[in-house]
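Heads up: the sequence lines are chains A and B, in that order.
In this text, residue positions in the first sequence follow this note's numbering: the first is 1, and each later residue adds one.
In this text, residue positions in the second sequence follow this note's numbering: the first is 1, and each later residue adds one.
Mixed in with the good hints, there may be bad ones.
[Said to hold, decoys possible] Label-pair restraints from in silico Cβ distances:
1) B:Lys413 with A:Lys113: 52 to 62 Å
2) A:Lys83 with B:Met241: 17 to 27 Å
3) B:Gln123 with A:Lys113: 32 to 42 Å
4) B:Gln779 with A:Arg10: 47 to 57 Å
5) B:Val170 with A:Lys83: 41 to 51 Å
6) B:Asn707 with A:Gln78: 50 to 60 Å
[Claimed, not checked] From the derived model, a few chain B residues whose C-beta atoms are all more than 10 Å from chain A:
7) Gly279
8) Thr289
9) Met452
10) Gly454
11) Gln712
12) His716
In case anyone wonders, no lab produced these hints; they're calculated from the structure.
Yeah, the Cβ is synthetic: ideal placement off N, Cα and C, and Gly gets one too.
Spelled out from the first residue to the last, the chains are:
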Amino acid sequence: MITLNINGKRRKVDLPSDTPLLWVLRDQLGMTGTKFGCGMAVCGACMVHIDGEPTRACVTPISTLATKKIVTIEAMAQDETGKKVQESWLAQGVPQCGYCQSGQVMSATALLKNQPKPSDADIDKAMSGNLCRCGTYPRIRAAIKQAAGIGEVQA
Amino acid sequence: MKIADKTSDASNPFQSADAVQIDNISRRTFIKQFALSGFVLAVGMPLLRADETAAPKANPKFGADAMPHGWVDNPLVFVAIAADGTVTIVCHRSEMGQGIRTSLPMVVADELEADWARVRIVQAPGDEARYGNQDTDGSRSTRHFFMPMRRVGAAAKQMLEAAAAAHWRVPVSEVKAVQHQVLHTPSGKAIGYGELAKAAAKLPVPTGDALRLKKPEEFRYIGKGKQGLYDGRDIVSGHAMYGIDTQIKGLLYAVVARPPVLGGKVASYDASAALKLPGVIKVVELPSTPLPAAFNPLGGIAVIAKNTWAAIQGRNALKIEWDHGQHASYDSVVYKAEMETAARQPGKVVRQQGDVDAALQGAAKRLEAEYYLPHLAQAPMEPPASTARIVKGQCEVWACTQAPQLARELVAKWLKLPEDKITIHVTLLGGGFGRKSMPDYVVESALLSQAMQGKPVKLTWTREDDLHHSYFHTVSLERLEAGLDAQGKPIAWLHRTVAPSISATFGPDSKQQMPVELGMGVINVPFVIDNLRIENPQAAAHTRIGWFRSVSNIPHAFAVQCFVAEMAAAAGRDHRDFLLDLIGPARSIDPNNLGDTWNHGESPAIYPVDTGRLRRVIETVTREAGWGRSLAKGRGLGLAAHYSFLTYVAVVVEVAVDETGKLSIPRVDIAVDCGPQVNPERIRSQLEGACIMGVSLATQGEISFKNGAVQQDNFHAYQITRIDDAPREIKVHLLPAAQFDSPLGGVGEPAVPPIAPALCNAIFAATGQRIRQLPIKEQLLKD
Ligand code: FES
Ligand code: FES
Numbered sequence: 001m002i003t004l005n006i007n008g009k010r011r012k013v014d015l016p017s018d019t020p021l022l023w024v025l026r027d028q029l030g031m032t033g034t035k036f037g038c039g040m041a042v043c044g045a046c047m048v049h050i051d052g053e054p055t056r057a058c059v060t061p062i063s064t065l066a067t068k069k070i071v072t073i074e075a076m077a078q079d080e081t082g083k084k085v086q087e088s089w090l091a092q093g094v095p096q097c098g099y100c101q102s103g104q105v106m107s108a109t110a111l112l113k114n115q116p117k118p119s120d121a122d123i124d125k126a127m128s129g130n131l132c133r134c135g136t137y138p139r140i141r142a143a144i145k146q147a148a149g150i151g152e153v154q155a
Numbered sequence: 001m002k003i004a005d006k007t008s009d010a011s012n013p014f015q016s017a018d019a020v021q022i023d024n025i026s027r028r029t030f031i032k033q034f035a036l037s038g039f040v041l042a043v044g045m046p047l048l049r050a051d052e053t054a055a056p057k058a059n060p061k062f063g064a065d066a067m068p069h070g071w072v073d074n075p076l077v078f079v080a081i082a083a084d085g086t087v088t089i090v091c092h093r094s095e096m097g098q099g100i101r102t103s104l105p106m107v108v109a110d111e112l113e114a115d116w117a118r119v120r121i122v123q124a125p126g127d128e129a130r131y132g133n134q135d136t137d138g139s140r141s142t143r144h145f146f147m148p149m150r151r152v153g154a155a156a157k158q159m160l161e162a163a164a165a166a167h168w169r170v171p172v173s174e175v176k177a178v179q180h181q182v183l184h185t186p187s188g189k190a191i192g193y194g195e196l197a198k199a200a201a202k203l204p205v206p207t208g209d210a211l212r213l214k215k216p217e218e219f220r221y222i223g224k225g226k227q228g229l230y231d232g233r234d235i236v237s238g239h240a241m242y243g244i245d246t247q248i249k250g251l252l253y254a255v256v257a258r259p260p261v262l263g264g265k266v267a268s269y270d271a272s273a274a275l276k277l278p279g280v281i282k283v284v285e286l287p288s289t290p291l292p293a294a295f296n297p298l299g300g301i302a303v304i305a306k307n308t309w310a311a312i313q314g315r316n317a318l319k320i321e322w323d324h325g326q327h328a329s330y331d332s333v334v335y336k337a338e339m340e341t342a343a344r345q346p347g348k349v350v351r352q353q354g355d356v357d358a359a360l361q362g363a364a365k366r367l368e369a370e371y372y373l374p375h376l377a378q379a380p381m382e383p384p385a386s387t388a389r390i391v392k393g394q395c396e397v398w399a400c401t402q403a404p405q406l407a408r409e410l411v412a413k414w415l416k417l418p419e420d421k422i423t424i425h426v427t428l429l430g431g432g433f434g435r436k437s438m439p440d441y442v443v444e445s446a447l448l449s450q451a452m453q454g455k456p457v458k459l460t461w462t463r464e465d466d467l468h469h470s471y472f473h474t475v476s477l478e479r480l481e482a483g484l485d486a487q488g489k490p491i492a493w494l495h496r497t498v499a500p501s502i503s504a505t506f507g508p509d510s511k512q513q514m515p516v517e518l519g520m521g522v523i524n525v526p527f528v529i530d531n532l533r534i535e536n537p538q539a540a541a542h543t544r545i546g547w548f549r550s551v552s553n554i555p556h557a558f559a560v561q562c563f564v565a566e567m568a569a570a571a572g573r574d575h576r577d578f579l580l581d582l583i584g585p586a587r588s589i590d591p592n593n594l595g596d597t598w599n600h601g602e603s604p605a606i607y608p609v610d611t612g613r614l615r616r617v618i619e620t621v622t623r624e625a626g627w628g629r630s631l632a633k634g635r636g637l638g639l640a641a642h643y644s645f646l647t648y649v650a651v652v653v654e655v656a657v658d659e660t661g662k663l664s665i666p667r668v669d670i671a672v673d674c675g676p677q678v679n680p681e682r683i684r685s686q687l688e689g690a691c692i693m694g695v696s697l698a699t700q701g702e703i704s705f706k707n708g709a710v711q712q713d714n715f716h717a718y719q720i721t722r723i724d725d726a727p728r729e730i731k732v733h734l735l736p737a738a739q740f741d742s743p744l745g746g747v748g749e750p751a752v753p754p755i756a757p758a759l760c761n762a763i764f765a766a767t768g769q770r771i772r773q774l775p776i777k778e779q780l781l782k783d
């Protein structure tokens with residue numbers, strides 16, 4: 001039995017300790033906002049924050065998380081930066097199918113917490129781990145700039 | 001109260017369930033036709049007349065009329081108004097990122113004069129007898145349902161007005177519905193929709209001449225694009241529910257090991273190690289389907305467990321011996337050579353005018369080129385997933401499907417239950433791109449629930465499953481030859497198109513492309529050339545070929561639009577001017593005269609090929625992109641134009657290639673004429689997305705086979721364009737339609753095909769290097 005701290009709540013999990021956090025969230029705890037896209041750390045759909053660091057839940061076994069703070073997309077509306085990112089996402093009309101967007105919001109929020117005024121190169125670096133098959137990248141870039149209060153947002 | 005409960009199917013005049021022509025690209029048409037009469041595209045018949053192998057029709061049907069179950073415009077089916085005034089609108093088309101759950105209900109709400117803030121949207125289950133056609137594909141949803149949904153809204157509004165007039169005992173001409181209430185102007189009285197709903201639902205539904213649609217200048221939402229995505233907030237907060245997210249009490253989780261080679265079977269297997277793993281509950285064998293596979297499951301060994309991870313671990317522990325079957329030697333390298341051989345010999349003539357051979361003989365200059373495009377996987381970010389349970393002879397399914405009625409029919413067939421015992425709930429789709437039109441995975445989930453005595457089972461396809469077992473985009477070799485006269489004017493055009501056909505997935509492999517495939521930009525080039533011949537040499541299929549966003553337009557546009565650029569260069573002319581001359585003056589062409597008997601299933605009278613519109617998008621995009629402007633070294637502009645899904649698109653791509661050969665795309669301009677624009681904001685997002693998907697397939701996309709099996713396992717090997725390699729700026733130029741009642745074109749697909757050729761033409765402008773084989777991958781890199 002492992003106790004995890006997820007979005008400020010303590011959750012008891014009775015699963016083998018090598019189980020990735022992704023499947024604990026999705027299948028055991030019913031928190032399906034964190035998505036499965038590849039299972040091998042190449043798409044970013046499963047991005048969560050672990051002690052503030054953007055982390056891929058699909059390759060993070062729960063055995064490593066006993067003392068950590070886990071934050072998921074479901075808590076972003078209560079996070080000052082996360083909320084700002086969500087609002088700019090809606091203002092720019094970023095989502096298409098939306099499936100990748102939990103991960104995108106998590107990566108963008110982590111970026112803005114670290115670098116409140118990111119450059120294009122910073123955005124490339126922070127966001128290139130998040131695939132979007134629908135192709136929402138130009139709007140993701142615009143939305144990050146809007147959330148950061150940087151100009152040159154496309155009309 | 002719910003007025004939606006009061007529908008009476010018997011009184012519904014809008015159900016036209018008879019079979020449609022084989023030429024319609026509906027997935028269902030395929031199985032229906034094959035089920036009834038076998039493979040009806042008779043080999044040996046002149047291909048141009050293949051459509052006539054369907055039953056002859058006195059009045060051929062087109063558009064939505066020709067789709068299975070046609071359309072329904074009964075407000076009692078689509079609208080419910082609660083006593084508190086909440087308006088519930090049913091969306092019967094699948095949402096997969098195109099914004100249809102916003103756009104179609106917005107059309108209803110506009111005509112209904114509903115306040116968007118008080119509108120709720122519910123998703124229809126698969127039930128076409130009730131809702132009309134639900135196959136969400138072919139860039140058809142808005143095209144086919146804009147008018148029916150306007151009528152739904154207008155009829156409901158008139159019923160509310162009539163109820164208000166009766167309530168006040170005033171003539172109906174004195175009342176007017178405005179934003180969720182009906183006003184009586186002379187007295188200044190007002191009454192809300194919620195109060196009127198009950199009485200309104202009992203009134204006759206106005207139809208025909210009695211129906212009054214808004215004038216376009218009265219639209220509040222249509223054409224404005226101000227509504228925002230209905231599901232937007234759920235999406236950004238992680239609460240949107242996709243097929244993979246279904247939660248039910250007592251849910252079990254499954255993955256399946258499928259035969260690596262199409263047509264393969266399980267020879268033997270050992271599940272003992274898998275069954276010892278924690279969380280694994282059961283291992284079951286699924287029956288394989290004889291080829292052609294159609295939409296049926298591939299069979300294999302399923303592991304059912306307490307969670308998805310345990311199921312995956314269980315699958316890894318299976319020991320399976322496969323009998324690989326007839327396609328075990330499929331090899332993409334060998335196959336490419338076979339296609340080249342086929343393309344270098346005459347093939348079946350599918351269109352011809354003049355004397356190409358003589359013209360080529362007499363040409364001052366001759367050119368030839370071959371263009372190759374590999375298989376592609378749709379790879380939606382949400383892989384296929386479906387949950388099923390069977391309780392007391394009733395099967396309930398939750399699935400991310402583009403084709404819920406088809407899924408329903410197939411599940412009924414496999415479970416041997418009547419169709420009305422099957423309910424298919426449609427979740428949000430985490431992308432579709434054609435993959436989720438094919439409901440093999442939905443059937444699998446139903447079979448797994450059946451194997452678990454009806455317990456709820458969620459089947460998840462891992463990314464490996466998705467890339468190994470998709471219905472792939474075809475592989476193609478396009479060979480073109482052209483002759484120019486002494487002035488550089490094109491006088492001969494020979495195009496041989498070689499590609500296995502989607503029809504092979506459904507019937508005996510004819511090895512020829514169908515009219516729907518030829519009609520995607522190879523047979524119907526609207527070029528002014530006296531001597532022209534299109535041939536289709538044979539190609540056999542060795543995997544399941546299926547629909548990928550914009551389908552055969554991709555290889556056809558790639559080859560045609562790259563070759564035209566090569567011809568312009570050979571003629572020493574500007575590409576844009578050469579292309580415009582090749583298209584010729586503005587005129588309206590009957591697609592039949594271009595050999596296209598399909599015309600996207602639409603009436604040739606309503607949807608002729610309009611070269612004026614094609615010219616206009618080319619003129620617009622080149623003007624906006626600054627065609628001809630001087631660029632720094634290593635930069636170039638490339639142009640391509642393509643007509644598909646009844647929409648005209650032209651693209652200019654700007655590339656930068658550095659000394660090492662690294663490619664970047666600073667800017668793309670896209671000009672689009674898709675007719676009237678219902679939700680321009682979502683049109684723009686679809687075009688941006690299509691552009692990036694086009695870049696992705698051109699630069700990275702490749703599924704290849706070795707020993708019959710796919711070589712790419714996951715996104716590290718099947719690369720998708722990431723933000724740092726995506727075009728930095730995409731400028732969309734929408735050409736306004738002349739009138740709002742002119743015919744609508746498609747939007748989801750038609751911007752994909754011109755991207756790859758415009759990109760390759762830009763690379764030539766920047767570097768002098770021709771790209772004739774996709775993906776580009778390392779071809780530009782200097783060692
Ligand atoms: S699912 Fe974790 S990175 Fe793709
Ligand atoms: S919005 Fe569909 S994958 Fe990103």
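_Under the constraints set out in the numbered hints, which ones does this structure not fulfil?_
7, 12
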